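Visitor: Dock chain one against chain two, each of which comes alone in its own frame, and use the hints as you go.
Which chain is which? The protein sequence lines are H and D, in order.
Number 550 marks the last residue of the first sequence (this note's numbering); no jumps.
Number 347 marks the last residue of the second sequence (this note's numbering); no jumps.
Just so you know, the hints here were simulated from the structure itself, not pulled from any lab data.
Given the structure is predicted, the values throughout are model-derived calculations rather than measurements.
Among these hints, one or two may not hold up.
Claimed, not checked - Keeping only pairs whose Cα atoms sit at most 30 angstroms apart, straight-line, the calculated DSS-like set for lysine-lysine is: (1) D:Lys217 x H:Lys293; (2) D:Lys118 x H:Lys197; (3) H:Lys62 x H:Lys197.
Stated by the list, open to error - Some chain H residues flagged as far from chain D (calculated, every beta-carbon gap over 10 angstroms): (4) Ser182; (5) Cys184; (6) Asp187; (7) Gly350; (8) Leu441; (9) Ala442; (10) Leu526.
Claimed, not checked - Chain H is nowhere near these chain D residues, computed Cβ spacing over 12 angstroms in every case: (11) Arg9; (12) Leu87; (13) Ala223.
We put the CB at the ideal spot given by N, CA and C, even for glycine.
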Amino acid sequence: MSEVTGTAASAEDRSSLRLLTHHWRNMPALAAMLVLVLPLMAVVLAALNGGGDGWRNVVETKLFGSTLTTLGLLALSAAMMTLTAVPAAWLVTQYRFPGRGLFEWALILPLAAPAYVLAFAYKDLLNVAGPVQSAVRDLTGLGARDYWFPDIASLPGAAFVLSAALFPYVYLGARSSFVNQSVCTLDAARLLGAGSKRRFLDVALPAARPAIAAGAALALMEVAADYGATSHLGVESLSVALIVNWEGYNDPGPAARLSLVLLTLVFGLFYLERLLRGRAGVQATSSRWQQVKRAPLSRWPALGAMLLCGTLVLLGFILPMARLVWIAVETQIVPDDFTSATRNSLLLAGMGTAACAILAIVTGFAMRRGGQLGRASRFAVSSGYAVPGSVLVLGAFAIIAAAQHVGLIDGRTVVVSLVGLVWVYASRFTAVGANAVDAALARAPASFGHAARSLGAGPVKRIARVELPIALSGLITGTLIMFVEILKELPATLLLQPFDWETLAVRAYNYASDERLASATLPSLLITAVGLVPVIILSRALSLSRPGRH
Amino acid sequence: MVTELNDIRLEAVGRRYGGHAIVDAVDLTLHPGELTAILGASGAGKSTLLRLIAGLEPVSSGAIRHGGTLWSDTRHTVPAEHRRVGLVFQDFALFPHLSAARNVAFGLAHLDRSEARKLSLSWLDRLGLSARAEAYPHELSGGEQQRVAIARALAPSPVALLMDEPFSGLDPERRDGVRETTLGLIAETGVPALLVTHQPEEALRHADKVAVMSGGKLLQCAAPHDAYLRPSDPVVAAALGPVSLLGMFPVSDGRVDTPLGPLAVPPSIQDGRVTMGLREGALSVDAGGTIEARIVGAALPGAVFRVPVSVGDLGLEAVLQDEEAALVAGATIALRLNPRRLLWFQS
Chain H
1 MSEVTGTAAS
11 AEDRSSLRLL
21 THHWRNMPAL
31 AAMLVLVLPL
41 MAVVLAALNG
51 GGDGWRNVVE
61 TKLFGSTLTT
71 LGLLALSAAM
81 MTLTAVPAAW
91 LVTQYRFPGR
101 GLFEWALILP
111 LAAPAYVLAF
121 AYKDLLNVAG
131 PVQSAVRDLT
141 GLGARDYWFP
151 DIASLPGAAF
161 VLSAALFPYV
171 YLGARSSFVN
181 QSVCTLDAAR
191 LLGAGSKRRF
201 LDVALPAARP
211 AIAAGAALAL
221 MEVAADYGAT
231 SHLGVESLSV
241 ALIVNWEGYN
251 DPGPAARLSL
261 VLLTLVFGLF
271 YLERLLRGRA
281 GVQATSSRWQ
291 QVKRAPLSRW
301 PALGAMLLCG
311 TLVLLGFILP
321 MARLVWIAVE
331 TQIVPDDFTS
341 ATRNSLLLAG
351 MGTAACAILA
361 IVTGFAMRRG
371 GQLGRASRFA
381 VSSGYAVPGS
391 VLVLGAFAII
401 AAAQHVGLID
411 GRTVVVSLVG
421 LVWVYASRFT
431 AVGANAVDAA
441 LARAPASFGH
451 AARSLGAGPV
461 KRIARVELPI
471 ALSGLITGTL
481 IMFVEILKEL
491 PATLLLQPFD
501 WETLAVRAYN
511 YASDERLASA
521 TLPSLLITAV
531 GLVPVIILSR
541 ALSLSRPGRH
Chain D
1 MVTELNDIRL
11 EAVGRRYGGH
21 AIVDAVDLTL
31 HPGELTAILG
41 ASGAGKSTLL
51 RLIAGLEPVS
61 SGAIRHGGTL
71 WSDTRHTVPA
81 EHRRVGLVFQ
91 DFALFPHLSA
101 ARNVAFGLAH
111 LDRSEARKLS
121 LSWLDRLGLS
131 ARAEAYPHEL
141 SGGEQQRVAI
151 ARALAPSPVA
161 LLMDEPFSGL
171 DPERRDGVRE
181 TTLGLIAETG
191 VPALLVTHQP
201 EEALRHADKV
211 AVMSGGKLLQ
221 CAAPHDAYLR
231 PSDPVVAAAL
241 GPVSLLGMFP
251 VSDGRVDTPL
261 GPLAVPPSIQ
271 DGRVTMGLRE
281 GALSVDAGGT
291 IEARIVGAAL
301 PGAVFRVPVS
311 VGDLGLEAVL
321 QDEEAALVAG
331 ATIALRLNPR
341 RLLWFQS
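Same shape as in the complex, but just chain D (with noise of 0.2 angstroms):
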């Protein structure tokens, strides 16, 4: 089967139950040959408009374009097993009466039976399982089951693929091998892909785009880098990596007072209010710096050294990249502010 790929478009797509509303006026595109990766805690509306996407569920306003076919509005829903769309869930969902051949086998009842089992060997052969073809879903690791369960999505070349936290059931030595194969075939394939997600880390380093929700709404859609540096609004700061909040300060004239000192807020913040951001390493341990603080606890070790201190009242985090100095709880210590990693949010 040829598949043509196409954006995928959701405009103002929403999903109430019961006067709720789970998924709240998104827009967005999937993209051919693009990886979405939707960050938010449970309950922002993730799962839900994954299935929305999928067609599993009507939606309650707006509608969802693939090209120029209409899938979903308030009045018209192409049914879910018509849109040819791949999902792999958390759990893998895979037939447990069925082997592995078998499973990846069961989306191409278009062809006939030995084509199909053609094709469903040489997926599995390509996700390294030839040699568990005729094991159940029982017989096979969760690894291998997640597999499997990719095969199965891919092998009846759907127009997109979603994947709802599907590497998080894993245990962590497997999830990276799992991953670095999936998201290579859905490279190779050029599928447009959203990938439900609770880490930070596997979306940003993965995804071309990073979206994040919460309370149904989706909060901001950007490259990996724009979204963790230049975060629309302290909730996607905050899904997308440590950061430490402070506010609210009075703006004039392009100047803020804060604990820190005067600092100059970027031109796109109007006067007002602002909440600032710290991202991790915006303070660092420098004898040069020009912030007075405190130590207040022992430094944890890691590729950086991480260290409690109090400046004023406020009890922040500072980094040193080498254990020179004498870390000892009570030492008064300079910290220089590294104003790329300052967050504002105008309030």
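So here's chain H without its partners, still in its complex pose (with noise of 0.2 angstroms):
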């Protein structure tokens, strides 16, 4: 404390009237987080105490095989991202062949679909039926039990379809490391003689090791999370295996032991790669940027760049959503309630989105001030994005169950399922918008308001006045990132949806469950066209965020 005059009464006055306001200050962060872990928290009570029969069946049944094909999952998922995205990033970064610059955002392009509806299109085109089997037989004349071909509905299948929706998330991780990576490390390489095949695995690759690990992260913790695509190609991963338990038996307990299950793969990614890290450090150790000066590349490399960056968005994006799109104009349906799928859809992301913005500006301004709530609140807002959907929408179930219990509410109503839905989504993706602001706070300097106060601003002009606005500028890209998060969100709409008040995404994915996928393919695309509009955002940041460019 500054002061120095008045009673030693009065000084003891006042600062507990400060703890007092502090504690009430503190009141709106503390509610936020826990509408953020409430879900979580409740899956794990509902884990505890879920032993039993239903369990002991899931154990002898189900466990081993859909934790071995989670597993197969993220490594065969990891090692088709990993061996095709890294090099991709380090040819757009580091040389020049044609349609580089076209590559270089055109790679993030499969972030707007969703993995399930890759799944739809990619089941339709690599079907018996289908149109690549048709030109196969077509071709050879053979008939279709007189050659093998590639089943998508399998472990490979699967981990094909989420390495091609996701492969993005690697690629942008390996790319902004590569992109950031001193050239002058790379210059010294050179001096001491080390060829352009050394330059990347040795010195560039370990350096960005951690950059790539987290983009790995990120897409494998969506695939282990991911329900509509697996289950489309008929994969039991851990995570349909709980839906479809929830959906046989409506019995939280087992279903939320094997989220605990999945939890825990989660979290041991994040803890592997920690542990992989080890000592050597991977911050640069030369902080002059130069303008990276891409080499040319002679004919044939060139070629080989081209090919596997242009094979990367055909098999992402543009092999898929030309199918759909082929599909849509060649049978013109419009599925009946595609204009209240459509409704639902807005409204229910509309008022997610409202939620998570309302959490993400209070938990923001948590995280910025730091202390012991600033940490509580960043592992709040973490720990809800790390848990897949399918897992949250059990905690709702619990909560849900809980309530009914205690009679606050007479079942699941209407009203009671599109709260929970918002809760969920709230718990899940108020963390984009979180960081998002935090960030823009951490961008203005405390000056700001030290300059505020100085001029007369009491605590609440400074923060409707100054620190709102700025907050509010960094929550605008973050806003459309969960609005289109939430729009794309399958297995929590699937389970906890109203009655008869379907979603774009659920209606995609239950006509193409009934392989119709004609109706399906225009939800699809509008789902496509939407989340469109946060890629290209990002692309043009990412063509501006080069170092030494302002």
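Guide: As structure tokens, this is what we get:
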């Protein structure tokens, strides 16, 4: 305390008053944190109480197989994504070849489409009656049983579809690291006799490993959490198993325990990455940025680079989307409930985004303020983000059951379901907005607040006139991303939506599951089209984000 | 690896970016056993010149040769990884994921692993870092990082050593020690060495030759003493130390009238106009002097006292060995001119 005047007693009064006001000021952040972590806590509680026959049955029949399937999915997609996206990122940052500028941003296009939409398209493209196999038969004259063709409805098939949809996370991580790596370090390696291969393998790649691992961890979390694509392709991962179990038995215990196994895998991934990193430093040792001078590639290597990047964009976006557009144009089917599904989607995404935005501002401020509360907020926000929607929705069910038990509500009415869904969305996606608010506030120097104070602004005015506008500026893109993520969300919406109140994502999934792909295309394409908006904003930001560029 | 030490010759080397010359027709030879320092303002083209020699950029005109081997011309560039040139960066550029020993061993890929490690440890030992061999860059102090960077550059027996402001990132206390060690090792290995620096004292004290660049051009390359006292250009004079420039004065019959009185110009100056430069110490306070001046401010103490004076309308600085005279602002004093500290530039 800087004040030295006044009696000891009055100073004491003032300090307890301060504590109280601080306490009150902390209330919104504490409430927000509770909202964020309550579904997860409910799942853990349900799991603790969830023994018995149901669980014994799961252990005997499902647990081992679906755990192994999830591990297989994770391993295969990790390999597919890193082996393709990392070299692609290296090529577009370090070399000149035809189409490089286009590929640099087109490689993130797959982020626009949810994995389940890709799964619909690929299952249609590659099944026995699909255009690819038909073409094979037409060309060779073979019958349907005369040749072997890889089955897309299999574990490797699901890994392929998920990798095609999610590799941009790995690409973005690798790319940002390669762009930000000191050119001096690569120059130093050259002068020490390292050719291009050794520079990539021994210098750039190890330095980029944490960024690649972070990108891969994000993508693999999505792989582990995926329900739509995996179940559409008939693969029973943990995420699928827990929803099937819940739908089949309506018993939260075993499903909650399965989700704990899933969560252990997800958090295990993070721990493994930290463990592997060890003591080796990864921060740049050279801080001078020089414009990356991309070396031109000669004919064959350039062709190879174009082939790699082109194939990734083709498989991750163009091919599946072209197929869906083709079907949509060919059949011209507009499902009856398309309008109502669109309205429901927009309404739900709007409500969810509003909830996320409010929580994001509250927790974002707490995160920036730091201290214990800040750390706790950060934990609450990111733990929600790491937990699959299929797990959170179980928590929502548990909370609804508890509320019903104590007589707070009369079962799952439309309002209860909608509130439950908004809660799950908030718990899952607030992180996006909160991090954006935190980043925006971090960019504003503390002297802003000091300046406002010296101009006579009290705490309320400071928040309203200075800090809130700064936070909102950061929240704009965050809001857009949250809106799109909610629009794409499938498992939670599928389970918790009110009866007869389907969204675009649920409609598309149900049609596709019923082998009515033509009806699923329009909702799928609409979701993807909306998903393109943040992707385009991101790709613009990407092209402007090179160090040394202002 | 036995390294044959040869000259590195730059012949009218130029580098242009989008029509703008960053390096313009530079002729320069780096001899084995010689340290050449390059001075110049930011953007003078020093670092680009160094990158051209290293092979990190192609030349737009001219040629670079190492002994009888052509390294760069407009059609041909030996890649940097094949030149065996050591480069030390201002910010060290150590590989963050490798220990000190493995950083040094990076350039020893032609040796087997144990030999490379042995050599790397012996270099670290020479630089007083044997205890830090297993430390990672972020665990090392700035001075230690730079010593590792120097060991890394010298370990593969380079044919030349290029240093881009290698000491400017260090604390002043560490700078002298690291510089001493580095320059000692360079002298020992006998490689031609090039040092880009912003500090004229560093260049004048340690280099065998001092080169000054401005606007991409190499203005002068000479022994430090010559460059300091006989700069070819006012820019060179200013780059190497404080100088007061007065001009332009008409010359007739080898003489010129200046505010400091009539003076004889060196025989190399022809009739026309000249600019006169006064190096530090050109004017000294001396009761027997012939130039009348007035003290205009407080003297700055130091090895010598530096007294701000005016001669007529001209503001200058004079030196005084001991503070025996009454140096009161406004007092009139006599100054003596030391002609050996005068610089003359033909306009």
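Visitor: Please go over all the hints and tell whether each is borne out by the structure.
Guide: Hints, one by one, checked against the model:
no., hint, in the structure
1, D:Lys217 x H:Lys293, "24 angstroms, holds"
2, D:Lys118 x H:Lys197, "25 angstroms, holds"
3, H:Lys62 x H:Lys197, "45 angstroms, violated"
4, Ser182, "6 angstroms, violated"
5, Cys184, "4 angstroms, violated"
6, Asp187, "6 angstroms, violated"
7, Gly350, "45 angstroms, holds"
8, Leu441, "28 angstroms, holds"
9, Ala442, "23 angstroms, holds"
10, Leu526, "45 angstroms, holds"
11, Arg9, "20 angstroms, holds"
12, Leu87, "5 angstroms, violated"
13, Ala223, "29 angstroms, holds"
The structure fails to meet hints 3, 4, 5, 6 and 12 from the earlier list, while all remaining hints are met.
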